[in-house]
Each structure stands twice: as C-alpha cells, then as structure tokens.
Amino acid sequence: MNAEIDISQVILKTDRLTLRPWTELDLEDFYEYAKVDGVGQMAGWLPHKDREESMEILHRFIDGKKTFAIEYGGKAVGSVGIERYDEERFPEFRDLSGRELGFVLSRACWGRGLMPEAVQRVVRYLFEEAGLDFLMCAHYTENIRSKRVQEKCGFHHYRLIKTETSYGEEKDGWVSILYRAPGKSGSGGKDEEQL
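Numbering-wise (full-length UniProt numbering), the sequence shown opens with residue 1 and increments by one.
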C-alpha cells in the first residue's frame, strides 16, 4: 500500500547536498534546468516552455509535500519525488508500506555522482525514519543514466512494463525494487525475511 508521506518539515544532508522542501524562491533555478532539452524527456516530460509552467509545477511540489529539492552549491539543481505507485498494477505489495521514487537532475550536474548520493540519502530516510518496507523506481529502457543510479542505490529489476509519457508516447520501462534491510523497523515491525 502507498505510505502517507509529508516532507514539508524534513531537511536531509549529505557531504555535498541538502535535500529540502521546494519554495517559490527556487523558481529561477527550477526553470533553468527544466527548460533544457534532454532533461525531462528521460523522465517522461517535455522541457518547460516558460516560467509560468515551472511555477505551476513548483506549486504542485510545494502543495504535494512529497518532493525534495536537491540543493548543490547554493542552487536547486534537481529533485527526488516520493510518488504513489500503481497499487492495481502491483497488488502483491498490498500488505507492505511503500512508495515509488522519481528523480531528475540538471544536465550541468550530470556525471558527478550527485544523484546516487541524493537517492541513497532519501532511501535511508524512508526506511529508517519513515518506516517504509519497500521502494520502487522506474526507468525507460533507453535511460541508462537512471538505470545506473538505481543499481548504485541497490534497486533490482522487478518487471518490464509499458507506460505512457506526459506527452502521450507509449514506452517500455523497467520497474525496480528495493526492500528495507532486515532488522529495520517498518510496517508491523516485520523483517524482509518475513515478507
């Protein structure tokens, strides 16, 4: 089942990053990377046309209370969203508490290891502090960068699915899964071995 999530008061740190809730002050940083061709398409969305589109989405991030801004060098350079997964498509997880992660990073920051660092910190928070049992992550088959991030963070391919992008294109994608380590608290205190 989809766990309830509210990160509106959560700030996470790594050696290089701060993961925090978005604010309206992040508009310019967000628009700067979201308008770049090739960034959003790998996650199923088109480059932002203007600041108004970015502001509309930024308000969804703020109101949804489930998307971290990735701050690096004093700028918001990406995001990690803790999305609801499709419970009808994955009924086998109905007795477990989980969510699906989605992430994007400014093209200017690619190749520096920032995304695995951010995702690993969010995973640790969701398992150790929020008590989730599992996390899903997905990537289109051609998105090798996302595949590598997921592998570095311990996710394993679970199922190949067909999905539709926000612009109406049908694509093949892998759903990957990561379970909470045995001995960590989660739904009903069960360990992975009991699941």
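Careful: at least some of the hints might be erroneous.
[Stated by the list, open to error] Simulated crosslink set (BS3-like; lysine-lysine; CA at most 25 Å straight-line): (1) K66 - K35; (2) K13 - K65; (3) K162 - K147; (4) K13 - K49.
Rather than coming from a laboratory, the hints here were simulated on the basis of the structure.
Taking the hints in turn, this is what the structure says about them:
no., hint, verdict
1, K66 - K35, "holds, 22 Å"
2, K13 - K65, "holds, 18 Å"
3, K162 - K147, "holds, 16 Å"
4, K13 - K49, "violated, 32 Å"
The structure shown violates just one earlier hint, number 4.
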